[in-house]
Amino acid sequence: MENKCNITEFVGVNPIGDTIGLVIANVDQQVLDAMKLEKSYRSIGVVGARTGAGPHIMAADEAVKATNTEIVKIELPRDTKGGAGHGSLIIFGGEDVSDVRRAVEVTLKEVDRTFGDVYANDAGHIELQYTARASYACQTAFGAEYGRAFGLIVGAPAAIGVVMADTAVKAANVTVVGYASPGNGGTSHSNEAILFISGDSGAVRQSVISAREVGLALLGSMGDEPTNSQPSYI
Amino acid sequence: MENKCNITEFVGVNPIGDTIGLVIANVDQQVLDAMKLEKSYRSIGVVGARTGAGPHIMAADEAVKATNTEIVKIELPRDTKGGAGHGSLIIFGGEDVSDVRRAVEVTLKEVDRTFGDVYANDAGHIELQYTARASYACQTAFGAEYGRAFGLIVGAPAAIGVVMADTAVKAANVTVVGYASPGNGGTSHSNEAILFISGDSGAVRQSVISAREVGLALLGSMGDEPTNSQPSYI
Amino acid sequence: MENKCNITEFVGVNPIGDTIGLVIANVDQQVLDAMKLEKSYRSIGVVGARTGAGPHIMAADEAVKATNTEIVKIELPRDTKGGAGHGSLIIFGGEDVSDVRRAVEVTLKEVDRTFGDVYANDAGHIELQYTARASYACQTAFGAEYGRAFGLIVGAPAAIGVVMADTAVKAANVTVVGYASPGNGGTSHSNEAILFISGDSGAVRQSVISAREVGLALLGSMGDEPTNSQPSYI
Chain A
1 MENKCNITEF VGVNPIGDTI GLVIANVDQQ VLDAMKLEKS YRSIGVVGAR TGAGPHIMAA
61 DEAVKATNTE IVKIELPRDT KGGAGHGSLI IFGGEDVSDV RRAVEVTLKE VDRTFGDVYA
121 NDAGHIELQY TARASYACQT AFGAEYGRAF GLIVGAPAAI GVVMADTAVK AANVTVVGYA
181 SPGNGGTSHS NEAILFISGD SGAVRQSVIS AREVGLALLG SMGDEPTNSQ PSYI
Chain B
1 MENKCNITEF VGVNPIGDTI GLVIANVDQQ VLDAMKLEKS YRSIGVVGAR TGAGPHIMAA
61 DEAVKATNTE IVKIELPRDT KGGAGHGSLI IFGGEDVSDV RRAVEVTLKE VDRTFGDVYA
121 NDAGHIELQY TARASYACQT AFGAEYGRAF GLIVGAPAAI GVVMADTAVK AANVTVVGYA
181 SPGNGGTSHS NEAILFISGD SGAVRQSVIS AREVGLALLG SMGDEPTNSQ PSYI
Chain C
1 MENKCNITEF VGVNPIGDTI GLVIANVDQQ VLDAMKLEKS YRSIGVVGAR TGAGPHIMAA
61 DEAVKATNTE IVKIELPRDT KGGAGHGSLI IFGGEDVSDV RRAVEVTLKE VDRTFGDVYA
121 NDAGHIELQY TARASYACQT AFGAEYGRAF GLIVGAPAAI GVVMADTAVK AANVTVVGYA
181 SPGNGGTSHS NEAILFISGD SGAVRQSVIS AREVGLALLG SMGDEPTNSQ PSYI
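Residue numbers (the numbering used here), protein chains in the order written: chain A, 1 to 234; chain B, 1 to 234; chain C, 1 to 234.
Accuracy of the hints is not assured; some may be wrong.
Taking lysine to any residue and the SDA-like style, the derived pairs with C-alpha atoms no more than 25 Å apart in a straight line are [unchecked claim]:
hint : chain 1 : residue 1 : chain 2 : residue 2
1    : B       : K170      : C       : Q29
2    : C       : K65       : C       : Y136
3    : C       : K170      : A       : Q230
4    : B       : K170      : C       : K39
5    : B       : K81       : A       : Q230
6    : C       : K81       : C       : D96
7    : B       : K36       : A       : G186
8    : B       : K36       : B       : N26
9    : A       : K170      : B       : L37
10   : B       : K81       : B       : P231
11   : C       : K109      : B       : D224
So, partial list: chain A residues that the calculated Cβ filter (under 10 Å) puts toward chain C [said to hold, decoys possible]:
hint : residue
12   : I24
13   : K73
14   : G87
15   : I209
Bear in mind the hints are in silico, worked out from the structure with no lab data behind them. On a predicted model such as this, the values are computed, not experimentally measured, just so you know. C-beta atoms are modelled at their ideal positions from N, C-alpha and C, and glycine is treated no differently.
Extracted from the complex, chain A is given alone in its bound form:
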């Protein structure tokens, strides 16, 4: 994380996913109105990335747990620099600008971990996320149940995600919270099929691990062995 920018709003960057963290202590009211945030905070934290969504939302989930802030908006650009997935735009709100800044800092740092189970090759990518206790970012973005174990299973091209989803649900006693696909909602037309699951933490974890195994084999059949840029955390 570098800090080589002298703009007041700059918090830091993380080159993983081309991620930038920013904070505005006192947002102009006209801009605040135009942004149509669900809750109006004068101090907002802004995390943006070219490649991400899953990793950044999971990182933001840790940030809201660790600070006195709220998630006021999560948007998913169709991006990944020409890849098959999304980028991120996450907006935190808080009464105290130092809380908001802290939330952005935590997010930038957590991204190192949450990219651990993103595996890619030239043909596509798979992504797995797991938390023993979902917080407000997972709830806002994915419909996760607050405080319960939550898992995210992504395959791209989307066909791989469909088989990963089926594998995940057969592998353990979990509940499907949602499903997203290119034309069915939940994505911004990315080439991903995504399953959201909840349940007991052991079951969710087992389910995610089973999906990862199948996803790696299928994606690997299309090209080189898929690799992750950060160490796996699941």
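Assemble the complex: chain A is given as a structure, and chains B and C must be docked to it using the hints.
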């Protein structure tokens, strides 16, 4: 088409368009519900690709003709690996898993042919498709009339597709079945204008050939001579 | 601008943004109906690009000022050849084909200028546009007030655009006309936050310049120094 993957659901891949074919013999009910398919089959075939849509849907059209299966969903990711067009997610359903598997196999093979009139250079691409007798995949995805000759005319950037569309309709006595563009529906915001035509087989074919001629010249004016990776079939 | 294509409809190309300009003297009625243009002109001009939107719309704005034509449609593909932004599809209409052709020619030429304040590096881009007097293209695409000074402020990844927007509005006495972001409307899920402002010409210009300064610093913190391919005009 390689077969180097030991996952049960794996059928095969076709490196053209980064295409993968999969089959799930007995889809988990929770996943099936979450996918919101129009018809619920327990056996589904899944074809996914990074680059395609037109080629894959035309290939799937042959597959439903050749097998006792149905198209239960077609979705168009905004993809092409950073290019101007779509990828594909096509789901077949059938009572018998061997039928579904066969449909996936036919699709993977037909893609060799249906990429024949996709021409690209660094500035964009054009695509032409033609069938003397449209089946259910063309009907589902493009609104084609079942059993009638059908043509597909694509230009990217979309401006080229507009002129190709006009040329096509002036070239022969065909009926416009539909039109898709970046912001007007029918695309997932891809940079393509697409015309769907039906009519007598000779007229549709002539219309498609005329559009191809104009499209190649216009796309060629923006860069290198556009080339196809497979032999032309129209 | 080259003119190496012998198709009647060809007007010219501009390699900046992969831009092509076309004109159809007498559009086929079936195609015209399918395109669902708000106004039906038999002569249409078509400008398309892989990378653009802002630059092309500003250029088209000059074109409608300079000719007896109207803007009949503006669509924003999600494109930029795998970058974070949009391409363009702009359709002019006019009673006289020579007017329409002239509008396309003006647009192709003006793009040289309107790309002047697009700055990019590998992590993203920022874009600034300014006109002392907005015309119908800015009105159609951005909701600008006709005849009044208008400014456009874009940052990608979108987080940068949020801070640029806040900076712009604090820098001078301007009115927010609109705001676009990846999931909030106004974009085609591009990774951009965009602010549209109007006001007195001096205020709008000052506002845009302030946003540019902040945007360049923030984008620069993510990678190399952002550069423009054409000379700045603001």
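We went through each hint and held it up to the structure:
1. Distance restraint check for B:K170 and C:Q29: the Cα-Cα separation of roughly 10 Å lies within the 25 Å cut-off, and the hinted pair is therefore satisfied.
2. Distance hint between C:K65 and C:Y136 is fulfilled; the C-alpha atoms sit about 8 Å from each other, no more than 25 Å.
3. Proximity of C:K170 to A:Q230 is assessed by CA-CA distance (about 40 Å); at most 25 Å being required, the pair is judged violated.
4. Annotation: proposed proximity of B:K170 to C:K39 holds, straight-line Cα distance about 21 Å (limit 25 Å).
5. Taking the CA atoms of B:K81 and A:Q230, the gap is about 23 Å. The hint holds against a cut of 25 Å.
6. Taken as a hint, the C:K81 and C:D96 pair is broken in the structure, with Cα atoms around 34 Å apart against an allowance of 25 Å.
7. Annotation: proposed proximity of B:K36 to A:G186 holds, straight-line Cα distance about 13 Å (limit 25 Å).
8. In summary, the hint linking B:K36 to B:N26 is supported, as the alpha carbons are separated by about 16 Å, within the 25 Å threshold.
9. A threshold of 25 Å between alpha carbons decides the hint, and for A:K170 with B:L37 the separation of about 19 Å falls inside it, so the pair holds.
10. Proposed proximity of B:K81 and B:P231 is supported: the alpha carbons are some 22 Å apart, at most 25 Å.
11. Using a Cα cut-off of 25 Å, the hinted pair C:K109 and B:D224 holds, with the two alpha carbons roughly 22 Å apart.
12. Satisfaction of the interface hint for A:I24 is found here, the shortest Cβ-Cβ separation to chain C being roughly 5 Å, below the 10 Å cut-off.
13. Interface hint at A:K73: satisfied, since its Cβ lies 8 Å from the closest Cβ of chain C, which is below the 10 Å cut-off.
14. Interface hint status for A:G87: upheld, as the beta-carbon distance to the closest one in chain C is roughly 5 Å, under 10 Å.
15. Look at A:I209: its Cβ only gets to about 31 Å from chain C, farther than 10 Å, so that hint breaks.
In summary, the structure is inconsistent with hints 3, 6 and 15 from the numbered list given earlier, while agreeing with the others.
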